[in-house]
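So the sequences go chain by chain: A and B.
In terms of UniProt numbering, the first sequence is numbered consecutively and its last residue is 245.
In terms of UniProt numbering, the second sequence is numbered consecutively and its last residue is 220.
These are calculated hints, taken from the structure and not from any lab test.
In this text, all values refer to a predicted model and were calculated from it rather than measured experimentally.
Heads up, a few of these hints could be off.
[What the hints assert, rightly or not] Footprint (simulated), chain A over chain B, 3 or more residues, beta carbon under 8 Å:
hint : region
1    : 77 to 83
2    : 164 to 173
3    : 181 to 194
[Unchecked claim] In silico negatives: residues of chain A with every beta carbon more than 12 Å from chain B:
hint : residue
4    : PRO13
5    : TRP20
6    : MET88
7    : SER113
8    : ALA124
9    : MET133
10   : ILE146
11   : GLY159
12   : VAL194
13   : LEU228
Just so you know, even glycine gets a beta-carbon here, dropped at the ideal spot from N, CA and C.
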Amino acid sequence: MLENLQATAEAWPFLAQGLWVTIQLTVMGSALSLVLAVVLGLMAGASNKALAIPGRIIIEFFRGTSLVVQLFFIFFVLPQFGVELPGMVVGVLALGLNYGAYSAEVVRGSIASVPQGQWEATTALSMSPAHRMRRVIFPQAWALMIPSLASLMVHLLKGTAIVSVILLRDFTFYLDQLTRQTDTFWAYAAVGLVGYFLLALILTLFMNALEARAKHRLGRGPSLREVLSPTPTNKNSLSTAGGGI
Amino acid sequence: MENQRQLWNWDLAFEALPDILLAFLQVTLLVTVVSTLIAAALGLVWAMIIRLAPQPISGIVKWVVSFIRMTPIVVQLLFAYYTFLMFDSITIGIVVFGIHYSTYMSEVYRAGIDAVPQGQWEATTALSMSTRRTWTAVVIPQALRATVPALGNYAISMFKDTPFLLVIGVVEMVNAAQIFGGNNFRYVEAITLAGIIFLLASYPTSVLIRRLEKRLAYAY
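Could you build all of it, start to finish, from the sequences and the hints given here?
So, in C-alpha cells, the structure goes:
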C-alpha cells in the first residue's frame, strides 16, 4: 500500500500530464460535438428537404460507424491521401464527429418537443424563422436537451480512453506505465477508475449547474445562486425547483 | 508507389474481405450476442436489488452500478485483463461488456418498472397477490414490454463499442482490418470495409427497433 502510494507520487507528473490530455480531449471534443449537434440537429429537423435529407444522412453515417473506425480512418487512411493531422486533432475530430451525431438527435428531438403553441405564437407575432429559433424555440429546447447532452458528454469522456491506440499519451496511457511499478488493482482501479469517475462527476455537476441556469432564465426554477446557497432565502422559488414546466 | 495514389483498390478490398468477415462473425457478433444476454439478465438483477433490497444493500449496489457506468470500459477491460490472467481475452471481454452494459440496462428496467401504472400495484394488493406473484405475473411483464426497444438500442451501441476490445488484444473486426492494413501498408480498403459492415448491420437494426417501439407503444 505504502509502496503503491510512493510509486504513484513518483509517477504523478506523468499522470497529471495524461489527465490534462484527457481533459483537453473531453472539453474540445464536447465543444466540437455541440457545434455539430446544433448544425446537424437544425438541418435534420428542418422542413426543407434539401437540408433535412443531407442532415439525416450525415447523422446516420457517424452514428452507424463505430468511434474506433472513425478514429482509425482519420489516423491511418487520411495520411494516404496526403492529409496528415496531429494526434490531438485526430482525437478531437473523431470524438466530436461521433458524439456530435448522437447529440444532433437530442437537439432535433428537443426542438421538436417544444410545445406547438410556442411555434404558433411566433407566427402570430410574425417573427422571422431565425429570430424565432434564437429567441423562443432554442432557449426552451436547450433546457430540455441538457440532461441528455450531459450523459453523452460522460460517454465522450469515457470514449477518450481509447485514444492511446493512435499513440496519444492520455491518462490511460500513463496508467499502463504505472502498472509496471504498482499492482494492477492499484493502477487501474484505485487510480484510474476513481480518476475517471471524479472527472465524470465534475462534468455532471457542471452540466447540472448549466441546466439550473437554463431553467432559471425561462423562469422555471431557482437561480444558480439560490441552488448553491446552503440557506435558501426565497421559499417560493425553491418550491418550483426541479418541476419541469 | 503507384498503389498509394489510387483512391480505392478493388483487389486489396477483395483480399481483405474474408479476414474482416471472419472476425465479424467469430468475434464481433459472438461478443455482442452473449454480452447482451448477460447484460439484459444482470441489469434486471441490479434493478430488482435496488428496488427491493433493504437500505444498506440497495444503497451500495446503486453506488457500484453508477461507478461502473461512469468509468471507461477501456480501463475496465485493461483492469480485468491483467487481474484475471487465467481467462482468455475473449472471455474477459464478454464478461466486462456484459457487466458494463448491465449498468445501463438497469436504468432502463428501473424506468420501465416506474412506468407501470400505480393502479396495477393497487390491483395486486386488492387481489391479495403475494409479492412474488405481483412481480412475476403483473409488474415484470408490463415493464419488459416498455423496455425491449431501449434494450435493443443498447445492444446496437454495444455492437459499435466492440472495437474497444483491441486494447486487450482481441482480434475483432476493426483490429483485423488494422492488422491487414499494416501488413499491406495501406489502410483505406480494410478500414472502410469495417465501417461499411458496421453501417450495414446497425442501421437496419435500429430502423427495426424504431418500428418495434411504435408498435409496442400502441399496446397501451
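Discussion item. Minimum C-beta separation from LEU228/A to chain B exceeding 12 Å: can you confirm that?
Written reply: 22 Å, holds
Item to complete: Confirm or reject the statement that ALA124/A sits farther than 12 Å, beta carbon to beta carbon, from all of chain B.
Response: 32 Å, holds
Worksheet item: Mind checking, does the region 164 to 173 of chain B have 3 or more residues with a CB under 8 Å from chain A?
Response: The restraint on the region 164 to 173 of chain B holds, since 3 of its residues have a Cβ under 8 Å from chain A and three suffice.
Discussion item. The output says VAL194/A does not contact chain B. Does that hold with a beta carbon cutoff of 12 Å?
Written reply: Non-interface label on VAL194/A violated, nearest chain B Cβ at 8 Å vs cutoff 12 Å.
Practice prompt. May I ask you to check that TRP20/A keeps its beta-carbon over 12 Å from the closest beta-carbon of chain B?
Written response: 17 Å, holds
Discussion item. Minimum C-beta separation from GLY159/A to chain B exceeding 12 Å: can you confirm that?
Written reply: GLY159/A is in fact no farther than 12 Å from some Cβ atom of chain B, at 7 Å.
Worksheet item: Is the nearest Cβ of chain B still more than 12 Å from the Cβ of MET88/A?
Response: 18 Å, holds
Worksheet item: Does the claim that ILE146/A lies off the interface hold, with its Cβ farther than 12 Å from every Cβ of chain B?
Response: Given that every Cβ of chain B is farther than 12 Å from that of ILE146/A, nearest at about 17 Å, it holds.
Worksheet entry | Beyond 12 Å from each Cβ of chain B, as asserted for SER113/A | 16 Å, holds
Practice prompt. Examine each Cβ of chain B, and state whether all of them lie more than 12 Å from the Cβ of PRO13/A.
Written response: 20 Å, holds
Worksheet item: Are there three or more residues in the region 181 to 194 of chain B whose C-beta lies closer than 8 Å to some C-beta of chain A?
Response: Satisfied; 7 residues make the cut.
Discussion item. At least three residues with a C-beta closer than 8 Å to a C-beta of chain A: is that true for the region 77 to 83 of chain B?
Written reply: holds (count 4)
Hint compliance for this structure: hints 11 and 12 are not met, and every other hint is.
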